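Undergrad: Protein chains in written order, with the numbering used here: chain L, 65 to 315; chain E, 1113 to 1504.
Hints were generated in silico from the structure; no laboratory data involved. Any given hint could turn out to be false.
What the hints assert, rightly or not - In silico EDC-like pairs for lysine to aspartate or glutamate, Cα to Cα no more than 20 Å straight-line:
# : chain 1 : residue 1 : chain 2 : residue 2
1 : L       : Lys-299   : E       : Glu-1227
2 : E       : Lys-1358  : E       : Asp-1299
3 : E       : Lys-1266  : E       : Asp-1192
4 : L       : Lys-299   : E       : Asp-1299
5 : E       : Lys-1123  : E       : Glu-1477
6 : E       : Lys-1490  : E       : Asp-1383
Predicted, not measured: the structure shown is a model, and the values here were computed from it.
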Amino acid sequence: MSQTQTNRLQEPASSINVGQKERILSLAGGAALTALALARRGSATIPAVIGGVALLAQGLTGNSPIYRALGINTAVRTQPRRVSVPHKQGIHVARAVTINRPADVLYNFWREPSNLPQIIDYIESVQMTGENRAHWTIRLPGGMKAEFDVEVYTDVPNEVISWRSLPDSQIQNAGSVRFRPAPAGRGTQVELTIEFVPPGGPLGQAVMKLFGDMPEQYIGQYLREFKQIMETGEKATTEGQTSGRSGEIGQ
Amino acid sequence: MRAVTWQGAGKMQVDTVPDPQIINPRDSIVRVTTTCICGSDLHMYDGYIPTVRRGDIMGHEFMGEVVEVGSAVRNLQVGDRVLVPFTIACGECFFCQHELWSLCDNSNPNAAAAEEMYGYSPAGLFGYSHLFGGYAGGQAEFVRVPFSDVGCFKVPEEITDDQAVMLTDIFPTGYMAAENCNIHGGDTVAVWGCGPVGQFAIRSAYLLGAERVIAIDRVPERLEMARHGGADTLNYEEVDVIDALKEMTGGMGPDSVIDAVGMEAHGTDLDFWYDRITQATRMQTDRPTALRRVIQACRKGGTVSIPGVYGGFLDKIPMGAAFNKGLTMRMGQTHVHRYVQPLIERIQHGEIDPAFVITHHVPLEKAPEMYKTFRDKKDSCIKVVLKPGMVQ
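For reference, chain L alone in the conformation it holds in the complex (with noise of 0.2 Å):
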């Protein structure tokens, strides 16, 4: 995958860039500054009463010479250019996990789709549409299948791949993974996000069931086995070994 994108909005032509925060704070250390310093006159008045009218300016303006002179601005954000998952609605879930493995290695594995119903349980199958398209085959609890078409739209190699399904999808959701180099030698930090819109009627309910009461938990799971695939080449299970409870039991 060679196609990379970026989704930073253009920077606008204007002249504030202090965030609302900032401004905030701006105006009111700047008007406690000042006070304090008129009222206790000393050798250290001059310098801050300028640097209490300082920050007054900044916060009426938005606008910092300081931040303009090191390239900072703090007043434009970084946004996705289209969502299929509008903000605060559904099921968002993310969680991270540290894998001793370096970050190519986790990347390569998690880019190849064959690998997808390995990590994510509720994938049946991904079938490749396009460079970046595929459509996606997922169980749901009660013996119920959705299906629907995603787009990787993000694709920076050992750093992120982020997924959506498209405009009228069955099921609208979207995921991202993140991969981080640990501090020290320690492999990657990987983070994962999914993000789920469950329609109305018996699909949403079984969406929301696939979930349950503890979401993250849920896909803390798969972190944990993607993870140990990764550093052990094999789930840690005890499914199928021997007890006392198999109906075979004799005296």
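Fit chain E to the given chain L structure using the hints.
TA: Same frame as chain L, but now just chain E:
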């Protein structure tokens, strides 16, 4: 095969169950030749460990012969004589690679449950409740060993079964307890509890250079065995131990104190009855009677080392004493893999024969009655070895 199964508090049973199978590529199957009952098995026997299920196969101290290896195992062969640490470790995660084997990130299939309780999940353990993975244990004729390429240690010919099986838990556990004391020349180490872990802690403290070890218990034969290991002994039913320790150390107190008792302590003071009642009524998971004494007894700036098992939430721990005396506290399940080779060498050099602690050899079929004998400290029982296939 025959296996010891848990059937409820106070009820162990030897059952015929299906033979274990290879499940994962790194598994092996071991035919158990020698296995033990551990003091920590008694916590399950007495019903104080949650998430044990009826029919679970017990046992985490075992050794034997490899009879089948998984497709990904390159360093083992059928016929190898091996011992198996009770902590299951993958060898690949951050923790294993930092020799913190009992904290392995990948070996507990029920990690989510352990995270709920502890914040993060420790390693899976053989035969030690579903909170620690629910793995079938080794008090059986055969056992499945996960991650067997790092979890099976070949045993040199001259090391006997009785010696080797002590390396699966109890000797490394006593040794790590002593190592955690950070012993310097001239140090006095007090050891609370003279069960098998305490016995190994006493001897390990001397191996690591302690000047003097003072051992505390109330069972005559256990105190006798401690004296045999070079310790001075105190019977807590006869003397005020904290006063006695102060006296014996010229008023300074022991440099480090080991709690080799854990969650089912006994005592003579009021707080013991408080613990007994709150544990029995499930208002408290553990009886930290010994832990309180240990913290109280330790000298200023000293170290409290805790190999005794605790599971949940403890009442009335004298944190003020620990804080204001500037104590160091070290604890945890044993990183067995770290100690197997160095301790094999100590045995080979004749520095210690770990079989000294064994008082009983019995067939596996006798496990249920031996659980009771061991728990009740009857018949001078200190350490029970079970032999599958031994003629009764």
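Undergrad: A separate judgement is required for each hint: does it hold in the structure or not?
TA: Hints, verified against the model:
For a cut-off of 20 Å, the pair hint linking L:Lys-299 to E:Glu-1227 stands: about 18 Å separates their Cα positions. The suggested pairing of E:Lys-1358 with E:Asp-1299 holds, with an alpha-carbon distance near 14 Å, which does not exceed 20 Å. Between the alpha carbons of E:Lys-1266 and E:Asp-1192 the distance comes to roughly 7 Å, so the proposed pair stays at or under 20 Å and holds. Only pairs whose Cα atoms come within 20 Å are accepted, and L:Lys-299 paired with E:Asp-1299 is rejected, the gap being roughly 46 Å.
Pair hint E:Lys-1123 plus E:Glu-1477 holds up; C-alpha atoms about 14 Å apart against a cutoff of 20 Å. For the given pair, E:Lys-1490 sits about 26 Å from E:Asp-1383 by alpha-carbon distance, which is inconsistent with the 20 Å threshold.
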